[in-house]
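K.L.:
Each chain is listed here by its residues.
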Amino acid sequence: MKSQSAINDRIIREIDNLDSDIKIKKFLREILHVELDIMDQEKPHYADQYKAILDKII
Amino acid sequence: MQSIIIKKIDLINYRQFIKQTIEFNNDSKGNIVIIQGENGFGKSNIYNAINWCFFGVEEHLRSDAHTLPVCNTKIFNKLKPETSTETIVRITLDTPSGEKEIERKHLIYKNKDGKPYVAQNDLNIMEVVGKNWKIAPNPEYIISRILPKNMRHFFFIDGEKLRQLFENIKSDQIKKSIFELSQISLLQNATDHLSYFKNVLRKGIDLKREPDLSQYQEYLDRLQKTILNNKEQLVQLKNEVDEAYINKSKLDQELQELDIEHIKTLETQRRGLEEKINILQKNYEEKEKAFFSDLIRMAPPIIILKAIKSTLNIISDLQQENKLPPTIQQTFLEDLLANMKCICGADLRKEENMSCKKTLEELLEKAKYSDMADDILKLKFELKSLLIEEGKVDDVINKYELSIHEIKDELNASNKRLKEVKTKIGEVDYDKVKTINEDRNNLEKTIGIWLGKIGKLEVTISTDEKKYKEIETLYNKELAKKDKYKIVINKLKFCDHAMAELQKVKEKLMDEIRDEAEKNTQDYFNKLISSKKFSPPRISDNYELIVEKDGFNAVTSLSAAETLCMGYSFMAALRKTSGFLAPIVIDTPLAKIDKKYRLNVAEWLKNALYDAQVILLVTDSEYTKEFRDAILPCVRDEFILKHDKNAETSEVIRHAN
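Taken in order, these protein sequences are the chains called V and S.
Each residue of the first sequence is one higher than the one before, counting from 1 in this note's numbering.
Each residue of the second sequence is one higher than the one before, counting from 1 in this note's numbering.
Just chain S, same shape as in the assembly (with noise of 0.2 Å):
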């Protein structure tokens, strides 16, 4: 079967692309097509411009975009109040039915505070019929011919969201995913319009003539528009949790991009790097302090060094020449002459002893100076004490300069430090960070809020469906005795038994799909990453992807890249078994993935994508030439966006070789 391929997209005055036309190649015989260019040169809104053009929404802006209208701010800027601007995406398809041009076209007006809004908002399709041109009056019906809007997601592709979504993918997720792709929604609301067209075969009978059915009828009328109202506002409310769960990833995608927690982990080291300083800070206070304390008290040593010296010379030559007195107590020479009697015990008073009394009594003479003895001695030891401590004043300064050298040296770097965080933190912009919080809580909250409402609202629905169904039995009863509208009680049950056959179709084609979803998938993911870490991924009976792991589900601990292998795997084969044959466009296709993987997405878009345009709009770093040369037999066509940094404006270019 022959794809649906883009040919040419024109933006008009879209974002920063004024007067943009791509042209592809339609000679070459590779499927793949590379727009490359810096984050922020443009690439998003090429894939936002595709998405808006067939559908009217853009996936991927940042959260202060979506107040901007989607013309060029400069444009806007430089409009008068009360004139307008004219934007507009137009996308050439060859299609198996012939060459279609969808044109989606905002008429924005400036009012008079200056404010923008969309005046005129119109989605065209030009078609070859025969050999003219002529406008399709259903623009939107042709396009879910091409592709239903609820199955974007397996064509236009976010990689990055795509790895998000998959990080924690739930089971209603998935099996949302396979009821979008088996058309299960056709086949309910066909069962939903079956039911309540029994109401219109009811309205046949003249309820006026039969009032034991006309309280039945008036009742289910009742009940009937009750469930109705419900669904659709159960219907209203899971698509608006489906946004507001995107809108949640935005968010986490610029947290992410603003690295929070390159930011968290930057204040954390500013608050750790002010105490540390503080404490530092102190410490070489008190380490002076005490330096200086030890100085002081070590200065007089130091001042008097030359008359201590000279006083202890003075007192050792004394000592030496035994001219100091003596040390003995004069009490104690007074004692023994008094009670005549020697040291030694002789007898003082005897003859032959006077000599010693003698020699006690020149002490005795002497021991008056004995106190100055004393004296000059405690001096001589503390001049000695002095003259040690003097001794120790370059040990002590040279123990307080390397303690403090050390402390100035740690307190320096830790404020050299400190002013490269505060730099660091000081390029964040707080403001857009709290707004980005505040939006996400309050996105959280909601959601909250809204999936209560659902519970409850799907109970509701389910009760009122269960009173409904009692009710028509009794009036279907009632009905059975009126032979006159036998042709209305067969019409009921007739619709009856095809919403039963309905049923029967929806559950045989559920199980079908998910088996072959899983098959594909399993296959891509083997291909794309041939770990035996793990088994290959199934889908439960329940809807749960699983990727077991030691006999466990190890699908929310994959690697980023593991992760996006995944989605795409998953994505692809549910894009397979759908036989959709629109184009693929991916955003960022390889952001997370490791080099060693890259080679097999390489590899894997070239086989498993074979059947599809495949559009990548990529990096610089992720288009390395390694992966160039790996995926440039299959490449069609090679861009680069160019930028122009005052201007704010972009232009695609074709890559040169």
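Bound-form chain V, shown alone (with noise of 0.2 Å):
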């Protein structure tokens, strides 16, 4: 189940409407479903998850 909150989707729309590289907007939408996901965790382990992202992009 994907978040209920109209905010998170916000974030994302925000993302879109950046006047940026469309790499790091691509970027920055991935590594915020990695923090949805590791929200409510005490010791969030993102770093090889943003590694893969961040590989892939660049």
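Keep in mind the hints are simulated off the structure, nothing from the lab.
Hints should not be assumed to be uniformly reliable.
Said to hold, decoys possible - Computed spacing ranges between beta-carbons, pair by pair:
no., chain 1, residue 1, chain 2, residue 2, range
1, V, H45, S, I546, 39 to 47 Å
2, V, D48, S, Q2, 46 to 54 Å
3, V, D48, S, K467, 44 to 52 Å
4, V, D48, S, N476, 22 to 30 Å
Claimed, not checked - Residues on chain S that point at chain V, a partial pick, calculated with CB under 7 Å:
no., residue
5, N189
6, A190
7, G204
8, V396
9, Y400
10, H497
11, V505
Idealized CB from N, CA, C, for every residue including glycine.
With the hints in hand, could you dock these two chains into one complex?
P.N.:
Following this line, the structure appears as structure tokens:
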């Protein structure tokens, strides 16, 4: 189940509206999804996922 | 969008509920559920059970209940040492992605000393996958999608606590709420993680071959660890301060429930009455003493009244009969005769005045008794004085009796009132008041210490971050000299760029959400309070809540009802902006709301929260006929709490109508 929050959709929309490089926008969108998934973890593991996303983009 | 609704709540061995199922009606169209019960019947524990099931916390507990396990106390007390009992709260939800069953379970064990401890704490979610019920792999994650823990205060509301919070609302609390709502923490986490992630990227460089970079890297690693530790400490401290504020507010509420002001008033009354009684008692004794002394002084004439009267009569008779000796002095007559001169000046030697001389000689003879006549006249005068005194006795007695009676009446009334006050004070549990007060003072002290630590930590973190950036710039300069690390340099630059863009999104969202929250708060507040006394509420650039009255911010001087309405407006505004569709639970929603606003609240609940399931936990005095009639078209279910005082258990039964 994806987030019920309209705010999360709004964050993604704001990222899409940024006057920035498409790669940056894609990277931000994807790391935000990682953040949503780990938001309730006490010691979140994100580095490997961040690395995979960045390696995919650059 | 379809909202999430609670279909059923099962309470098994939870607080005063032994085995309870509250099943909500799905056929009816209304969105409001009423659970009505007197104080102490278990309303707040239903509120607690919902919070506990979702988030493992009980929001509304008496201070003495914190040390008790969640299971029923009687059941726990009957347990033999080294055995256990199970408490379960299960909530069945209807969500847009199907039915879900959240179940929190505690296995409570009684140790050798009879003390409880939680041996097992389980959270499970069952959900429908296809046609079958299956256990969801990550229950916390599912709950966070329904309602994140840090946003629960916008949905599970304690009316009394909300009012207390808004009585002294501070800009950082408004800011924190907007941060939570706008998921700024999510953006902040991403920024922090990107910063730490850059360290991971740097690890790709063979530092053994690059001694100049190695030094910087070591320093950056160290600094980052310090920053991270300090940030964790900061979050922990801030959470502890929040928790401490909540606990302080709970203690305040308990003191309020004990009506400490009333106790203080009673104490003042007792002291005042005791002082007054002392003074009255002294006055009474003095008056009585004076009365008796006057009575003793007046006693002789009273006792010999008859004798006085008869003596006076005798003297008067003698006077009338001219039988009293003359009152002329003997020496005076002797002088006249010696000088041979009469009073009128006549010469007594002359023959024609011989009769005068004879009269003087006769008078002289009688004058030997003139002292006696004096004495008789003095006696007559004194006896008359005594008679006058005797005549005053009644007046004096009346006067004393009146004032003594007045004092005695006042003394009796004061003693009676003192007895009443003492009885009332005797009903107060002083040890409890003392303990709560001590706990509250300790909390205040601790909060002060923590706030000091927070301030220091914030300065340290900010200094370290500045230092980190400086070292990072030096590192990047050194790195740029080395072509072989071009890819790493690009990735680091990319991360910096991404962080800068995230910051832009964060700032834009904060501003937009603040504006939206302000607009929605104004709309709701105007519907609840149609007063022109103050301007519509505003949220300033510094996140200060402003309600202007005569050019001043009157937010802290609103009445209890206005404050609560302000709280509802702000919470509902944030809920609306958040887009979360969780049910709303409000404990004692109308407690401090004046009669004149209650119907506004009813209308507001119907219109503003139409898109959410609203569970209202109300007291009998809140759920008046007038309020019920107003809200009834939107009421889906009505339940009543019944309490068995002897068994110390409660049950929820469906309203007969």
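K.L.:
Would you mind marking each hint as holding or not holding in the structure?
P.N.:
Each hint tested on the structure:
no.: 1; hint: H45/V with I546/S: 39 to 47 Å; in the structure: holds, 43 Å
no.: 2; hint: D48/V with Q2/S: 46 to 54 Å; in the structure: violated, 36 Å
no.: 3; hint: D48/V with K467/S: 44 to 52 Å; in the structure: violated, 28 Å
no.: 4; hint: D48/V with N476/S: 22 to 30 Å; in the structure: holds, 24 Å
no.: 5; hint: N189; in the structure: holds, 5 Å
no.: 6; hint: A190; in the structure: holds, 5 Å
no.: 7; hint: G204; in the structure: violated, 10 Å
no.: 8; hint: V396; in the structure: violated, 91 Å
no.: 9; hint: Y400; in the structure: violated, 85 Å
no.: 10; hint: H497; in the structure: holds, 6 Å
no.: 11; hint: V505; in the structure: holds, 5 Å
The structure is inconsistent with the numbered hints 2, 3, 7, 8, 9, although it conforms to all the rest.
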